[in-house]
Amino acid sequence: MCQVDEEYNGQLDHRVTPRVSKKCVKCKENTTVLIIRAGDAFCRGCFKEYFIHKFRAMLGKNRVIFPGEKVLLAVSGGPASSSMLSQVQEGLSRDAPKKLRFVPGIIYIDEGGASGQSMEERKRAVAQLESVFRATNYHYHIVHLEQVLSLPSSVLEAGSSATEKPQTGSSYKAAVDHFIPTRKNQNQHPDLSVENAQSLLSNLSMQEVQNGVTSPITHEHTQALQRLFASVRTPTAKEDLLHTLRQHLILHTARTQGYTKVMMGDSCSRLAIKLLSNISLGRGASLATDTGFSDPRHGDVVIVRPMRDYSSKEIAYYNRMFDIPSVFIPGLDSKAQDKASIQRLTESFVTKLQTDFPSTVSTIYRTSEKLHTACPPQNTNTQLSAKCLLCVCALDTKLEEFSAYQATLISEQLSQRRGPGPDQGCETGDGGCCSSAKSTVDLKSLLCYSCRLTIKDMTALDALPQYILSEAERRRSQMREEISEFLLDEEENEAIPRVNGS
Amino acid sequence: MPVLCSSCAEKRAVLKRPKTAHSLCKECFFWAFEEEVHQTIVSAQLFKHGETVGIGASGGKDSTVLAHVMKVLNERYNYGLKLLLLSVDEGITGYRDDSLETVKRNQQQYELPLKIVSYEELYGWTMDAIVKQVGLKNNCTFCGVFRRQALDRGAMMLKVDKICTGHNADDVAETVLMNVLRGDIARLRRCTAISTASEGEGVVPRCKPLKYAYEKEIVLYAYFKKLDYFSTECIYSPNAYRGHARTFLKDLEAVRPSAIMDVIHSGENLSVREGVKMPVQGTCGRCGYISSQALCKSCVLLEGLNRGLPRLGIGKHHRLHEKILSQQPLTQEEERKLKAVDF
Chain A
203 MCQVDEEYNG QLDHRVTPRV SKKCVKCKEN TTVLIIRAGD AFCRGCFKEY
253 FIHKFRAMLG KNRVIFPGEK VLLAVSGGPA SSSMLSQVQE GLSRDAPKKL
303 RFVPGIIYID EGGASGQSME ERKRAVAQLE SVFRATNYHY HIVHLEQVLS
353 LPSSVLEAGS SATEKPQTGS SYKAAVDHFI PTRKNQNQHP DLSVENAQSL
403 LSNLSMQEVQ NGVTSPITHE HTQALQRLFA SVRTPTAKED LLHTLRQHLI
453 LHTARTQGYT KVMMGDSCSR LAIKLLSNIS LGRGASLATD TGFSDPRHGD
503 VVIVRPMRDY SSKEIAYYNR MFDIPSVFIP GLDSKAQDKA SIQRLTESFV
553 TKLQTDFPST VSTIYRTSEK LHTACPPQNT NTQLSAKCLL CVCALDTKLE
603 EFSAYQATLI SEQLSQRRGP GPDQGCETGD GGCCSSAKST VDLKSLLCYS
653 CRLTIKDMTA LDALPQYILS EAERRRSQMR EEISEFLLDE EENEAIPRVN
703 GS
Chain B
4 MPVLCSSCAE KRAVLKRPKT AHSLCKECFF WAFEEEVHQT IVSAQLFKHG
54 ETVGIGASGG KDSTVLAHVM KVLNERYNYG LKLLLLSVDE GITGYRDDSL
104 ETVKRNQQQY ELPLKIVSYE ELYGWTMDAI VKQVGLKNNC TFCGVFRRQA
154 LDRGAMMLKV DKICTGHNAD DVAETVLMNV LRGDIARLRR CTAISTASEG
204 EGVVPRCKPL KYAYEKEIVL YAYFKKLDYF STECIYSPNA YRGHARTFLK
254 DLEAVRPSAI MDVIHSGENL SVREGVKMPV QGTCGRCGYI SSQALCKSCV
304 LLEGLNRGLP RLGIGKHHRL HEKILSQQPL TQEEERKLKA VDF
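In order, the protein sequence lines correspond to chains A and B. Quick note: to get the working numbering, add 202 to the position in the first sequence (first position is 1). Quick note: to get the working numbering, add 3 to the position in the second sequence (first position is 1).
So here's chain A without its partners, still in its complex pose:
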C-alpha cells in the first residue's frame, strides 16, 4: 500500500470539501440555481427575496430617507447602478404596507468629452440609456461633463441642512414630522442656496431643461474640457479630478432641482477598492465619508450608498437572471494597463487577492464600518477655510504634532538650496516659472493633502473651471481681509522666499 498512508495512518486529515446541497438552503424545497459564498445555495425565488430584502434593510436600518423626499439616483449605466434603479422601482411599486415612499429622479453624466469618445458614440450611448430611463417613468436629467465649466461657485459651499440628523429611532419620527412641514415651507420660502444658485443659473447662457436632454454643447466646450484633462500629467490625478468634477455636477443638479438626497450605486467590491485606493492617495482623514453609508459633507444634500452591502458577483447574477438592462460605457480607465493609475492598480490587486482569500472584500468592508471621520461633520458655522476647496472635507494639514506631512515638508526644504533667491529656484524645474508657482501656492493652502497632490500634477492651473478659480480667489481675499491689519506692504510679500504648501 501507499507508504504515506502506512506511516501517517490516522494523522492525515482529509480536507473536508464543502458539499453543495441540491436544495435551496432557505426554503429547502426548490432546486438551487446559484451559490453565493461557500455553501449558500439559493433557488431563484429565494435569491430574489434575499436581494430585495437587503436593499430595503439597508435603507430601513439607516433611516435617512424621509417619506416624500426627492431623491436623485446617480446612474452611470453600469451593472450596480442599473441594479439600484431596478431595486428602487421594485420598492416603490410594491403594494406591501412597507412601500418605499420617496420621489425619485435619475441623473446620468455623459463623460465622453473627458474619455475621448466621439460625438456619435456619445449620442448612441445617451439614446440607449434614455430608452431605459423612459421605461421607468421617472424624471431624468442627462448632464454633459462640459457643463462643469459653467457651474456657479456656490457649488463649493456647504449648504445648511434642512433638517437635523436623526440620532436614534425615536427621534427619526420626530425628524420626519419636522421635515414635512419644512418642505411645505420650502416651496414658499426656498432655501438660500437654491435661490442663490437659481439666480445665477438665469445668468448663464445654458439652460437645463427638466426631464430631458440639456441643450446641445458646442465643440468649444468639449475642447476646453479636453484641454483641462490634457493639462493633468498622471492618470491618477485625472481620475481624481474627474471624480471631483462629477460630484460637483451631481451636487449642482440636486440643488437646482430641489433634491435633498443622492443615491450612488457603489457596490461592496467597488467600495473596498475605493477604501484602499483612498488610503494610498492620502485621504485617510475622510475615509468614513467617502466609503460610509451616508456622506453629509455638503450639508443640504446627503449622499447615500444603498448598494454597499452587495458584492459585484451578486449584482452580476441578479442582473443576468432577472434581465436588468445595463449599458457599458467606456470610461477614463477602460483598457488602461494594470499599473497606469493608483485606482486601477488597487482594483487589480484587490480582485486578485480576492481569488486567493475570498474574505478580502468583506473584511475591508467591515473595517470601513468601524471608522468615522477624524473631525465629525460640522455645520456651516465653522469657517469655510477649514474645508478643502475641491472635495469639501475637513483639512488634514495641521502642523501641530510631528507627522508624515511635516516630515515631507522638511525633506523638501533640506533637498533644495537654503536661503532666498526666487530666480535660482527656477533651475530646479519643479515649479516652473515664478508667477505660476505663486498661484500654485495660493491654491494649495486651500486644499487637503490629497487634493494638493492632484493639483501638483497639473501643468496649467488656468485650465481649471472658472468656478474653482473664483472661489479660490474669494477665500484668499477673505483670509487676507482677516489679517490685513498685520500685513505691512503688498510688495514685501513678493520677496518672501517660496515656502511649499503652507
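Check before you lean on any hint, since a few could be wrong.
[What the hints assert, rightly or not] Here are the simulated DSS-like cross-link-like pairs (lysine-lysine), alpha carbons at most 30 Å apart as the crow flies:
id, chain 1, residue 1, chain 2, residue 2
1, A, K646, B, K280
2, A, K541, B, K253
3, B, K280, A, K600
[What the hints assert, rightly or not] Take a look, some chain A residues computed to stay more than 10 Å from chain B by CB distance:
id, residue
4, R246
5, K250
6, K256
7, L261
8, G279
9, G318
10, Q330
11, S333
12, R485
13, A490
14, Y519
15, V529
16, K572
17, L663
18, E683
19, I685
These are calculated hints, taken from the structure and not from any lab test. Owing to the predicted nature of the structure, the values given are computational and were not obtained by experimental measurement. Think of the CB as a built atom: it goes at the ideal place given N, C-alpha and C, for glycine as much as any other residue.
We have chain A already, so just place chain B on it with the hints.
Here is chain B on its own, set in the frame of chain A:
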C-alpha cells in the same frame, strides 16, 4: 551637461532622491538624510538626555544604518545617550548565523557593546525546529511573537531605558495596508505611532527613528557610505501574507513615489468610531508579560509547540486558554483540529 546638486549647486549630482526626486551630491544627501532623522528624533521627543538606548540590530541594512546614524547624531548634536546593540538569534541556519557575524563586525566598527539573546536559551526552540513542526505557512507568527519578547527580555537584562528599531517608512506603510486587509482595527490605530506606550511592568518602550526614511534611501545611504551589512531575505519569508502588501506598495511607489508617505499620512489620520470593541491590556497568567488575553501569545504558542499541537496559537481558540491554564486535558476533537498541518 552635468546636473548640479540642487542643494549646494557646486558639485555634480550623483543620485536622485527617491523621496523628492531632487538631484543631490553625496555630501548633501548624507546631510539631508541625517538631518531628517535628527528632526524626527527632536520633534517627536524620542529620547531624553542620559538615557540608555538599545538598538535592535539584525545585521540587515536598516539596523546597520540606524546604528551608524544614531552614533553620528549622538556625537554631532550631543544627545548624551548611551548606545548599545541588541541582537536576537532565532536559530535559522544559513540566514541568521551569517547576519550575526555582520552584527559582530558592526560592534567592532562602531565600538558599541553587543548582547545577543537566542530563542534556544529563552524558549528552548529554534526557528528551524519550529518550521519542522508548523510547516511553511504560519511560521512568521511564531518568529515575530517570540522576537518581541526576546528583545524585551534582552533589554531588561541590560537595564536599557528604550529600544529603537530600524523600521522604515516602507515597513510602516506595509503594516497599515496589511492591517486594513486583515481587518485588525486595534492594530490599525496603533501601528503609525512612532513610539509605543511606556507604562507597564516589564515593558520597555520602543521607537522607530527611521519611520520617515524610505527603504530605497536607506539602501543608497548604506551603499555610498560603504557600510557593512547583510542583504539576504529570510528563507522562510516568501509565503507570508505581508508579501502581498509589499508587492502592492512597491507598485504604488512605481506609479507615484510619494505614495508611501501618503499611506502613512492616511494611517495617522484614521480614527475609529466609539463603541468599537478594543482589546484591554492586562498581564499573562503564566509568565507575567503584558497581554490582552488570559495567556500571552508566546505562552500559547510555546504550549502548542511543546505539546505537539502546532495550530494552537493560530486562529481563534480563546476558550482553550482557560483550559490550558488550568492544565485540563483537551478533548479528542480539539486535539485533532490543532494537529492539522498545512504544507
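* Asked: Checking the smallest CB distance to chain B, is K256 (chain A) really beyond 10 Å?
  -> Given a closest Cβ separation of 21 Å, the condition holds.
* Could you let me know if the closest chain B CB is still more than 10 Å away from the CB of K572 (chain A)? => violated, 5 Å
* Agreement of K646 (chain A) and K280 (chain B) with the hint, judged by alpha carbon distance not exceeding 30 Å -> violated, 38 Å
* Minimum Cβ-Cβ distance from Q330 (chain A) to chain B exceeds 10 Å -> The claim stands: Q330 (chain A) keeps its Cβ more than 10 Å from every Cβ of chain B (closest is about 34 Å).
* **Consistency of the no-contact label for Y519 (chain A), given chain B and a CB cut of 10 Å** => At roughly 25 Å from the nearest Cβ of chain B, Y519 (chain A) sits farther out than 10 Å, so the non-interface label holds.
* Minimum Cβ-Cβ distance from E683 (chain A) to chain B exceeds 10 Å -> holds, 30 Å
* Asked: Taking the minimum C-beta separation from G318 (chain A) to chain B, is that value above 10 Å?
  -> holds, 21 Å
* Assess, step by step, whether the Cα of K541 (chain A) is no farther than 30 Å from the Cα of K253 (chain B), and give holds or violated. => holds, 11 Å
* **Pair hint K280 (chain B) and K600 (chain A), alpha-carbon separation not exceeding 30 Å** => Cα-Cα ~29 Å, so holds.
* **Beyond 10 Å from each Cβ of chain B, as asserted for G279 (chain A)** => holds, 28 Å
* Beyond 10 Å from each Cβ of chain B, as asserted for L663 (chain A) -> The claim holds: L663 (chain A) sits with its nearest Cβ about 20 Å from chain B, beyond 10 Å.
* Is it the case that A490 (chain A) keeps its Cβ farther than 10 Å from each residue Cβ in chain B? -> Violated: least Cβ distance 8 Å, not greater than 10 Å.
In summary, the numbered hints that this structure violates are 1, 12, 13, 16.
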